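*Asks:* The lines below spell out each chain.
4 protein chains.
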Amino acid sequence: VKKSDRSDVKARLNRIAGQVAGIQRMVDEDRYCVDVLTQIAAVRSALDALGVELLARHVESCVLGHGSGSEHKCAAPMTKEELLEEVRLTLGRFLK
Amino acid sequence: VKKSDRSDVKARLNRIAGQVAGIQRMVDEDRYCVDVLTQIAAVRSALDALGVELLARHVESCVLGHGSGSEHKCAAPMTKEELLEEVRLTLGRFLK
Amino acid sequence: VKKSDRSDVKARLNRIAGQVAGIQRMVDEDRYCVDVLTQIAAVRSALDALGVELLARHVESCVLGHGSGSEHKCAAPMTKEELLEEVRLTLGRFLK
Amino acid sequence: VKKSDRSDVKARLNRIAGQVAGIQRMVDEDRYCVDVLTQIAAVRSALDALGVELLARHVESCVLGHGSGSEHKCAAPMTKEELLEEVRLTLGRFLK
Chain A
46 VKKSDRSDVK ARLNRIAGQV AGIQRMVDED RYCVDVLTQI AAVRSALDAL
96 GVELLARHVE SCVLGHGSGS EHKCAAPMTK EELLEEVRLT LGRFLK
Chain B
46 VKKSDRSDVK ARLNRIAGQV AGIQRMVDED RYCVDVLTQI AAVRSALDAL
96 GVELLARHVE SCVLGHGSGS EHKCAAPMTK EELLEEVRLT LGRFLK
Chain C
46 VKKSDRSDVK ARLNRIAGQV AGIQRMVDED RYCVDVLTQI AAVRSALDAL
96 GVELLARHVE SCVLGHGSGS EHKCAAPMTK EELLEEVRLT LGRFLK
Chain D
46 VKKSDRSDVK ARLNRIAGQV AGIQRMVDED RYCVDVLTQI AAVRSALDAL
96 GVELLARHVE SCVLGHGSGS EHKCAAPMTK EELLEEVRLT LGRFLK
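Residue numbers (my numbering), protein chains in the order written: chain A, 46 to 141; chain B, 46 to 141; chain C, 46 to 141; chain D, 46 to 141.
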């Protein structure tokens, strides 16, 4: 995660943490299960959107920026082939 | 959510909240994006598993138990057709 | 699948088969990968929507209609508990 | 899709078309809905795996290979930023 983008990622994660806390309250208050499910689906969508964003940034800063010296927290000693294989594996964890 | 099952749902949600907090720490510590993505995929799977569980319980206690008088926090004045339509909509929020 | 609903399911499957054939043509014609990916995502959504529909109908005709004598091609000697466990497993195959 | 990889993509698509034809037969034969659903989930997984593969190849040949002159059926006049935005949109179609 590049420094400049990190505050956006943090803001999204704070929102997601807040949504999860909201679901915990709903269960404590014994709310209708379908309403709980709707909230779970919303958190899932927010996580997916964050995943898409992080993966696109990873491709940008680590895979494309590979070897440019400017990359930030990229797995330095990897070849492009290894980086691509890692993208494939990571994608597969979301789409399985 | 039936009372007897609520402690299990709460335990799962606590675990999910803990996982989200862990991801927030990873971003604070500027960890490698692929590791963050792997954790996001794990939370997503945990949410999906919880969603499956809640939906199956909802079908059991509200749709099947409909009219038995024993249902707990079910949307009382719905017909079976309306309950099924709601199941369809809820499923659609996960699979879209 | 109830007889009355089968023609709708068949129509949807025909459309999905047509979409897959379209993707095969796109690959034969060496079309731009992103366009192929967009079509793959469309087939996936169509399959998900069909899955939601079939699962809701299954709950309606086999789980709810259980023991009514009117059920059609339901796994006859199952108890409601077994049917619900099967719904859970089936959902888990879509959300994993 | 690069020419050298195209036969693999075609083989996968043939298998997927065969699976869809199999589901059509199951519906014609009025098979148990849960078995149909299991097959639908299998096709969905096969499509996802193909999507992951195509997206990784796209990143490799079009995004990384951008400007190298060797790219094959890539959207030539796009900048890297546009290519990345397109990756983001495409990913979002699978994870929404």
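For the record, the hints were derived by calculation from the structure and aren't laboratory data.
Among these hints, one or two may not hold up.
Identical copies carry no separate label here, and so any pair may be met within one copy or between two of them.
Below are the BS3-like pairs computed for lysine-lysine, each with C-alpha atoms no more than 30 angstroms apart in a straight line [unchecked claim]:
| # | residue 1 | residue 2 |
| --- | --- | --- |
| 1 | K141 | K125 |
| 2 | K125 | K55 |
| 3 | K141 | K55 |
Small disclaimer: the values here were computed from a predicted structure and weren't measured.
*Asks:* None of the hints should be skipped; say for each whether it holds.
*Replies:* Hints versus structure:
1. Within a single copy, K141 and K125 get their C-alpha atoms as close as 24 angstroms, and across copies as close as 28 angstroms, so both meet the 30 angstroms cut-off.
2. For the identical chains of this complex, K125 and K55 are neighbours both inside a copy (28 angstroms) and across copies (26 angstroms), given an alpha-carbon limit of 30 angstroms.
3. Proximity of K141 to K55 under the C-alpha cut-off of 30 angstroms is found in both arrangements, the shortest distances being 27 angstroms within a copy and 20 angstroms between copies.
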